[in-house]
Amino acid sequence: MTYDGGEGEDMRAPGRDELRAALRAAATEPPATEVDWEALVRGVRHRAEPLLAARRRPLPWWGHASRWARAGIPLAAAAVLALVLLLPRAGLRTPTGETAATTPTAGSSAAGPADAASPSSAEADLSHLALAAPGTGDPVLAYMEAADGGEALLLSALEEE
Amino acid sequence: MEDAAHAPERDDWPLVARVQRGDGTAYDILVRRYMRRAFSIAYRLLENRADAEDLVQEAFVAALEAIDGFEPRRPFGPWLFRIVVNRGLNARKARSIRRTETIPGDAVSANPSPHREAEREELRTALRRALNGLDEPRAAIVRLHELEGFSSPEIAAMLDLADGTVRWHLHRARAELREVLGAFRPGIGDEVEEGLS
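Protein sequences appear in the order of chains H and U.
According to the working numbering, the first sequence is numbered sequentially starting from 1.
According to the working numbering, the second sequence is numbered sequentially starting from 1001.
None of these hints come from the bench; they were simulated from the model.
Being a predicted model, the structure only gives us computed values, none of them experimental.
Just so it is clear, CB atoms sit at the ideal spot from N, CA and C, and this is done for glycine as well.
One or more hints might be untrue.
To be verified - Which residues of chain H face chain U? A partial, calculated answer using Cβ under 8 Å:
{"no.": "1", "residue": "Arg-16"}
{"no.": "2", "residue": "Leu-23"}
{"no.": "3", "residue": "Pro-31"}
{"no.": "4", "residue": "Arg-47"}
{"no.": "5", "residue": "Ala-48"}
{"no.": "6", "residue": "Leu-51"}
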């Protein structure tokens, strides 16, 4: 019998081979020569025959439905779970009403400092400000606190800045 | 004994597909192909020939019942052995082992002195007791690895455990069994090894 040694242990560890040899000496070898293998095959086949016969019979329509259901139910459950987990993220909205999916991507954020003054970057900065110091009375932050994220408030705040 | 744990993988999928349609001949081929290895594993777990034969029959029937869930193009053997191991562990829990069969007398070197033979028998008894005293699945892991030659990833797949968990169980089991073996040293462990070579 061979060992692949792939279990990541030190094969040269003292006593390991000795332990294995002792275990083999202590264990009883399976009495393969005492088994009537043909009788075992017949026994298995006898118990399996009703199941095999059932498989040979053509399935009624509900049998097909049942087979599909076995695969379909877990798939449907996985799809529902994925929707439950992903939809809230996809539905997150920025204060201007854009979905989270339209916020800067990794590619656009890697575009460099030239993009720093873009509207999306400005909005992100405002968001950080609002989260860092909520309710401070700052007119810029008032924009963030507005229920509908009004554009007028934003414009006035930027003008004051 | 055929070392099926390391035998080249056979393409069982065509046979499995035929069994799914109720082909008894294909089922017979699969049974004959894997019954010896399945029996060996069952015997390691149950240490009784009749129990092992029952377990093999149950496992093949259970495999047929679940054959629609068999993943196409995978080898049938590991999938079947997983059923054997899980049912074997359940059987160990559910009933006490009827008896532990005696060790064949030719398992050790010839012409030992009566004193040495008595010592060896004492060691074998102590190791068997220690192995049976290990919690499951640790004891099964030791049997499958040390006696059946399955690798830790293969055992992990059979028992639905992480490979690291299997290795950890092996490490802990060896430490426990070495303590038993250590009580008989020096000398006798070496002689047991020589007797096997």
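Structure-based check of all given hints:
no.	hint	result
1	Arg-16	holds, 7 Å
2	Leu-23	holds, 5 Å
3	Pro-31	holds, 6 Å
4	Arg-47	holds, 5 Å
5	Ala-48	holds, 5 Å
6	Leu-51	holds, 5 Å
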